[in-house]
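*Asks:* Sequence:
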Amino acid sequence: MKLLLAESVDETRELDLRQPSLGLAYLTAMVRRELPGQVEVRATATGVEQAIRQWRPDVVGISSTSVRYGIARQNARIARELGIPVIIGGIHITALPESLYPEMDVGVLGEGETAIVELMRLYLETGGLPPERLRDIPGLVFRDGGELVRTPPRPHMARLDDIPPPDRTVAVPQPHSHLFSSRGCPYSCVFCASTRFWPGKVRFFSAERVVDEVEQLVRDHHVKVISFYDDLFVANLERLARIRDLLVERGLVGKVRFTCNARANIVTDRMCELLKAIGVASVNMGLESGCQKTLTYLKGGNVTVEQNREAIMTVRRHGMLAQGSFIIGAPDETREEIEETYQFIRRMPLSILDVYILRPYPGTPIWDYAVERGLASNDMQWGSITHRDRIDPERLINLSNHISSEEMARIYARFMRLRYWKILKGLVHHPYRMEIVSAGLRAVHAMVAGWFRPKDG
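Letter 431 of the sequence shown, counting from 1, is numbered 431 in our numbering, and no numbers are missing.
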């Protein structure tokens with residue numbers, strides 16, 4: 001049988017369309033290991049309609065975020081018109097199972113490596129995905145007649161090393177590539193759905209497995225920069241020290257640079273010493289706000305503005321670049337409190353920074369807040385959740401109780417000017433300056449082109 005795995009992306013606007021995500025690469029590797037010679041798997045992030053019509057797979061699996069869920073529905077409709085069953089996975093369906101569209105046969109809730117294998121075995125056995133048999137598979141949502149059925153939750157895989165490494169013929173390594181070394185986050189920020197997708201404690205790939213993947217990327221694919229995409233790569237310092245030792249033993253230190261995510265309240269000299277020793281060049285932190293009241297609201301009261309400031313200075317003191325992301329537009333945030341964040345950014349030595357207007361993603365407390373106030377719903381235009389550098393006040397989901405959409409757009413534009421100025425000022429010393437320039441040119445091209453295209457839904 002033939003299985004097509006597809007990423008749900010907006011091909012007219014997305015900057016990174018070169019390859020599918022690591023998520024699809026993990027699924028591909030799992031199916032190929034567990035069902036060798038029985039399932040032919042292909043994965044794509046572009047030309048999904050063409051792949052469906054020309055390759056005619058037996059099953060289509062689509063991974064989608066909330067922002068691109070409308071596009072996932074379009075692709076599912078194409079498959080259903082051809083009589084092809086559709087499996088939907090990803091963060092959106094996990095956070096909002098009741099949003100399963102009629103064009104979709106079954107949704108996979110949470111991580112999908114084991115579920116996709118069981119669904120493929122069911123198809124091989126029965127030639128379809130019969131609802132009466134789907135009831136026996138945990139972690140699914142589907143319709144049986146007019147009934148929306150959710151099966152019991154699927155337990156997470158306790159040992160992540162049991163998952164095969166991502167199939168790099170799917171996520172083809174680039175000079176700047178990425179990998180996951182853990183799943184989950186011990187914190188619960190009001191704007192983030194990570195704990196909805198990966199509830200419970202953080203699970204780690206072993207240090208040996210992580211370094212095996214690094215070695216493959218460096219030796220076989222000549223990768224120069226690797227970004228750890230974990231929510232919190234530094235959550236386990238004992239493992240981090242073991243990763244350092246293994247990188248030294250295998251002669252990999254100095255042959256590749258890394259970036260990673262950290263959290264301001266756990267940044268220490270010891271942590272930074274370990275990061276510097278393995279070759280981390282920049283550390284990205286979700287700083288979120290320069291106003292303590294807003295920061296407490298967004299991050300639950302376990303980090304302070306002073307810790308944000310000290311984390312930046314500690315990272316810099318150890319010879320690494322500090323990167324930060326910020327959020328404005330919390331419901332009760334005033335103009336003066338937003339200005340505190342602006343001045344914090346202006347004063348701090350951040351090499352790269354991102355600023356976002358608070359957005360209501362399904363599976364978060366912010367989503368519940370927006371639904372209660374009629375600002376979001378299960379049948380909304382999903383593309384309106386996101387925003388780009390150029391804000392359209394009429395499309396902005398504005399959660400503020402104090403600031404109009406028009407004024408929020410002006411405030412955001414001011415933050416963007418500060419962002420670009422700080423990036424340009426620090427670019428000459430940035431270790432990834434060529435990648436940043438290239439990404440910037442793509443962003444400008446995509447932004448300008450987007451002005452002349454119909455607005456997405």
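The set of hints was computed from the structure by calculation and includes no laboratory data.
The beta carbon of each residue, even a glycine, is placed where N, CA and C say it ideally should be.
Keep in mind that the hints are not guaranteed to be accurate.
As a list, the in silico DSBU-like pairs of lysine-lysine whose alpha-carbon atoms are at most 35 Å apart [said to hold, decoys possible]: (1) K293 with K201; (2) K255 with K422; (3) K201 with K255.
With beta-carbon atoms standing in for the labels, derived distance ranges [said to hold, decoys possible]: (4) V149 with D269: 47 to 57 Å; (5) R317 with R417: 52 to 62 Å; (6) L237 with R135: 23 to 33 Å; (7) D136 with Q292: 48 to 58 Å; (8) N265 with M157: 42 to 52 Å.
*Asks:* Compare the structure with each hint and give your call.
*Replies:* Against the structure, the hints come out as follows:
1. The straight-line distance between the Cα atoms of K293 and K201 is roughly 28 Å, inside the 35 Å bound, and the hint therefore holds.
2. Proposed proximity of K255 and K422 is supported: the alpha carbons are some 29 Å apart, at most 35 Å.
3. A distance of roughly 33 Å separates the Cα atoms of K201 and K255; the hinted pair therefore holds under the 35 Å criterion.
4. For the pair V149 and D269, the beta carbons lie near 52 Å from each other, so the given range of 47 to 57 Å is met.
5. Checked against the hint of 52 to 62 Å, the pair R317 and R417 fails, with Cβ atoms roughly 29 Å apart.
6. For the pair L237 and R135, the supplied restraint of 23 to 33 Å is violated, since their beta-carbon distance comes to about 44 Å.
7. Taking the beta carbon of each, D136 and Q292 are about 51 Å apart, inside 48 to 58 Å as hinted.
8. The supplied range of 42 to 52 Å is broken by N265 and M157, whose beta-carbon atoms lie about 29 Å from each other.
Going down the numbered hints, you'll see the structure goes against 5, 6 and 8, while the others check out.
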